[in-house]
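Visitor: Each chain, written out:
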Amino acid sequence: MLNLSNIYKHMKPNNPVGRGAMTQYQQPQINGFKSLFKAFLEKSDRSLSSIKGVKLGVETSEVFVQDEWPIQLVERLLKEGVKPIKVSVEDAASRRVVAIDTSSIKVAVGSKGVVVAIRGALVIREWSRIWAEIIGPFMVYIDYDGVGELLSSMLGGEVRLDYWGDYQLYNSVQKVLAGILEKRLQEYAVERFKDTILLFDGSLSAGPLDNPTWLVSRIIDGARPRGNDILAFSKTSILRVWGELITSLKLDAEPPYVVEMTWAIKELEMRVKVLGETYLARLSAGGEGFRVDAAIRKSIGDVLGSLLKSDSLIYGYPETLILAHDLCTFNKMDLIAMQSILRRRGIKLFKPTSIRWLLFRPIDGGEPA
Amino acid sequence: MKILSKNGDKIEFLAAPGEDGLRRGDYVIVSDGGKKLLVQILDVNYAELPGILEDTLRELASEPLSLKIFDPYDVGSILTELKDSRLIVGKVRGVVEDGSLRNDLLWLPSRLESRIERASPELIMELSSSAGRRPIIIGESMNGIISINAEDLDGRLTIITGKKETGKSHLAKILITSLAEYGAKVIALDVNGEYIGLSMRIDGALSDVADKHVVLTPGENFRVSMEDAGLATITDILRYILNTPATSLREFIRLWRLVKKVNGKVTLRGLIDAIGRVQLHESVRDALMSRLLSLEATRFFDDENPVKIDSMINSVKEGGIFVINLSKISSHGRRIVVEYVLSKLSTLLRDGLIDPLFLLAEEAHLYLRETYWDDLITRMRHIGIFPILVTNQPDTIPETIYRQADNIFLFNFTNESDLNYISKTARIDSDTVKLIAKALPPRHCLMIGRIVNDLPIVVKVREMPLKMLGETKLVFGLRG
Numbered sequence: 039m040l041n042l043s044n045i046y047k048h049m050k051p052n053n054p055v056g057r058g059a060m061t062q063y064q065q066p067q068i069n070g071f072k073s074l075f076k077a078f079l080e081k082s083d084r085s086l087s088s089i090k091g092v093k094l095g096v097e098t099s100e101v102f103v104q105d106e107w108p109i110q111l112v113e114r115l116l117k118e119g120v121k122p123i124k125v126s127v128e129d130a131a132s133r134r135v136v137a138i139d140t141s142s143i144k145v146a147v148g149s150k151g152v153v154v155a156i157r158g159a160l161v162i163r164e165w166s167r168i169w170a171e172i173i174g175p176f177m178v179y180i181d182y183d184g185v186g187e188l189l190s191s192m193l194g195g196e197v198r199l200d201y202w203g204d205y206q207l208y209n210s211v212q213k214v215l216a217g218i219l220e221k222r223l224q225e226y227a228v229e230r231f232k233d234t235i236l237l238f239d240g241s242l243s244a245g246p247l248d249n250p251t252w253l254v255s256r257i258i259d260g261a262r263p264r265g266n267d268i269l270a271f272s273k274t275s276i277l278r279v280w281g282e283l284i285t286s287l288k289l290d291a292e293p294p295y296v297v298e299m300t301w302a303i304k305e306l307e308m309r310v311k312v313l314g315e316t317y318l319a320r321l322s323a324g325g326e327g328f329r330v331d332a333a334i335r336k337s338i339g340d341v342l343g344s345l346l347k348s349d350s351l352i353y354g355y356p357e358t359l360i361l362a363h364d365l366c367t368f369n370k371m372d373l374i375a376m377q378s379i380l381r382r383r384g385i386k387l388f389k390p391t392s393i394r395w396l397l398f399r400p401i402d403g404g405e406p407a
Numbered sequence: 070m071k072i073l074s075k076n077g078d079k080i081e082f083l084a085a086p087g088e089d090g091l092r093r094g095d096y097v098i099v100s101d102g103g104k105k106l107l108v109q110i111l112d113v114n115y116a117e118l119p120g121i122l123e124d125t126l127r128e129l130a131s132e133p134l135s136l137k138i139f140d141p142y143d144v145g146s147i148l149t150e151l152k153d154s155r156l157i158v159g160k161v162r163g164v165v166e167d168g169s170l171r172n173d174l175l176w177l178p179s180r181l182e183s184r185i186e187r188a189s190p191e192l193i194m195e196l197s198s199s200a201g202r203r204p205i206i207i208g209e210s211m212n213g214i215i216s217i218n219a220e221d222l223d224g225r226l227t228i229i230t231g232k233k234e235t236g237k238s239h240l241a242k243i244l245i246t247s248l249a250e251y252g253a254k255v256i257a258l259d260v261n262g263e264y265i266g267l268s269m270r271i272d273g274a275l276s277d278v279a280d281k282h283v284v285l286t287p288g289e290n291f292r293v294s295m296e297d298a299g300l301a302t303i304t305d306i307l308r309y310i311l312n313t314p315a316t317s318l319r320e321f322i323r324l325w326r327l328v329k330k331v332n333g334k335v336t337l338r339g340l341i342d343a344i345g346r347v348q349l350h351e352s353v354r355d356a357l358m359s360r361l362l363s364l365e366a367t368r369f370f371d372d373e374n375p376v377k378i379d380s381m382i383n384s385v386k387e388g389g390i391f392v393i394n395l396s397k398i399s400s401h402g403r404r405i406v407v408e409y410v411l412s413k414l415s416t417l418l419r420d421g422l423i424d425p426l427f428l429l430a431e432e433a434h435l436y437l438r439e440t441y442w443d444d445l446i447t448r449m450r451h452i453g454i455f456p457i458l459v460t461n462q463p464d465t466i467p468e469t470i471y472r473q474a475d476n477i478f479l480f481n482f483t484n485e486s487d488l489n490y491i492s493k494t495a496r497i498d499s500d501t502v503k504l505i506a507k508a509l510p511p512r513h514c515l516m517i518g519r520i521v522n523d524l525p526i527v528v529k530v531r532e533m534p535l536k537m538l539g540e541t542k543l544v545f546g547l548r549g
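Protein chains in written order, with this note's numbering: chain A, 39 to 407; chain B, 70 to 549.
Watch out, some of these pointers could steer you wrong.
[Unchecked claim] To give a feel for the contact side, a few chain B residues facing chain A, derived at Cβ under 8 Å:
1) A116
2) L118
3) D124
4) S135
5) I138
6) Y142
7) I147
8) K152
9) R155
[Claimed, not checked] Chain A regions said to be covered by chain B (calculated; three or more residues, Cβ under 8 Å):
10) 143-152
11) 232-244
12) 360-369
These are calculated hints, taken from the structure and not from any lab test.
Where is the CB? At the ideal position from N, CA and C, for every residue including glycine.
Whenever a hint applies, use it, and build me the whole structure from the sequences.
Guide: What follows is the structure, given as structure tokens:
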């Protein structure tokens, strides 16, 4: 059984910068994650116990970073024409910035299911202080029968996600699970912090299973009364698009500035609903351009101004978000460590020549029902 | 621990950080079925892990960050272990089958099924020992007592080498006292006066070898006659040590015979008088006179009350240590004494007047002429002088000596060129010499050669409660 009493042992000591009492938001909130993911942990632990003695294959050529990088968004802008909105840093207020990102990886694959690991990271920058909270990795065995229940348990079991079927178990489940973990952490951050700029990875588009509209809405709705502003940055640089925009539209502005493009996105993203507004943002002169979705109480100029005053940019992208991404991303060492845990739990791992071969001709003759 | 790879006689293991506890020189046994692979550990490194660079860089970059981690499956502790995984490099010494060691390097134990465990000191002793019946306890190794057999030094060329203050002389004392206790006779050429206190224990009592210990100080209780030295030896002294020109040497030989004929015996005074009287070219007279006066100044030659070295050696029946104290005489004087001693011992052994003996020579390059090195490992060994050479400057001993050394006690060396020099010995591979010797702490040595049946063993040399003499005199008193 999973022992929850000893899960904080790898905490590094806090390195406080400066003096004075911390606000309640600065206090470590790690203990909160235990209750937040209680249902999921119990469910995932049972799922791993259920495959004791089963042989699972391990992939040899894994893509270790899973990101969705949509890039075809703004061709229409070229047709319609846009005006840049200037971002002013000088008069902006300094604010707390919290960046959230998650990552996932397939740890082992069987003929009926897959062991997936997910991990999230929160990076909190509060004036001169910066710290991070890493949540996970969580490991779970997912098969067709239990997938809906597992996904629901990630949300605390309150909502049953039983419309599984649109996604291929082997190809998409890890992304879906990471998406739901991300939403869960976003919701958690919204409730935990006040008067904060929350930086999300990706967009505020809702619709697919990992981005249910009700959940994205709930996060956005929860943020506003607590004075939080949400900015979702797409990791994909849209430099090419910017180049075309600047050349074709002759945007007469020096960075930092943004271009409003909500109307274009709403027309393009037919299957999803975009919650909030969408912008193309170019925040530093040497930096690249990114898509930014915003659910904010103030003007986009004010919020981005505060972000620029409070956080550093690396090639035009917020440093806290880069850190969050780095801290949650899996590498080969993580994979080896997690596969070692599976072995310790009695799961037999082997290296098949290919996952396709495994699926259609499993050498273990299939796992027990 | 698991086998990772084997290439020739080099084998690599992967081990978890807390699992190894091994030191360079330790032995492990890899068992599979009835066979056992005997492996000596040469080095322990971090294992090369996939993605370790990326991971370390990430750690480095996030160092200023205070991290709080919620890790339900304790992946972090496994990661920590993984990052600290060890790559243990070893040398296959052979396959143990039916209690004996074979150099069957073609046998491969199973990577997954074989059991890897530390070899017991008893097994190593069993495999490394010869058929001797005179054990000399050298010290401890792998939590057990390690000894060699005195018989494996007998008739052999032995070298003790290592940098300063690593314990060479201490080991030499263990060897010669043990040899003497077994009845062997040892001549010790003592440059620093380190061996003159062997008859005393630290507590002031007499040691076990007190009755076998004879200190001979040239010019004091060790003086010899010209007649006893003989024409050949004196000619060698004049030629090699006092650089006498060939013409003068010819005249000296003529004079020697003349003095013998006229006086009936040859004395140093008789030779000096003859040089003053007989007809000689002035330059020859000057050359010979100055050299003979040099010999006289050493006070080593005494034609009135000489010591007979054979009588002295034979007077000690049950083993003896004859320390020739060279610490009080000049560099020339040392070389003259050694020339005499070696020449005399050769003659006595050849004539069967004394029994074979061991010759302990510390920093022999200080007093041994170059032409004697080859003699030591060829002619003298055949007639019964078995050298134990001690040095902290390995390159002062010719390369041929290392190649033909039967036994080497190797203490710590850090200098690469020293290690390269020693690694030319034929009885061990250079990897073992370089990797193990570099890491040896003081008082630890690597035993190589016949003494260990060619199974190199690292040993912590035991203490010996004998009075230490010849320690460095300090300006500020005791160190540490």
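Visitor: A separate judgement is required for each hint: does it hold in the structure or not?
Guide: Here is how each hint holds up against the structure:
no.	hint	result
1	A116	11 Å, violated
2	L118	6 Å, holds
3	D124	5 Å, holds
4	S135	4 Å, holds
5	I138	5 Å, holds
6	Y142	5 Å, holds
7	I147	4 Å, holds
8	K152	7 Å, holds
9	R155	15 Å, violated
10	143-152	violated (count 0)
11	232-244	violated (count 0)
12	360-369	holds (count 4)
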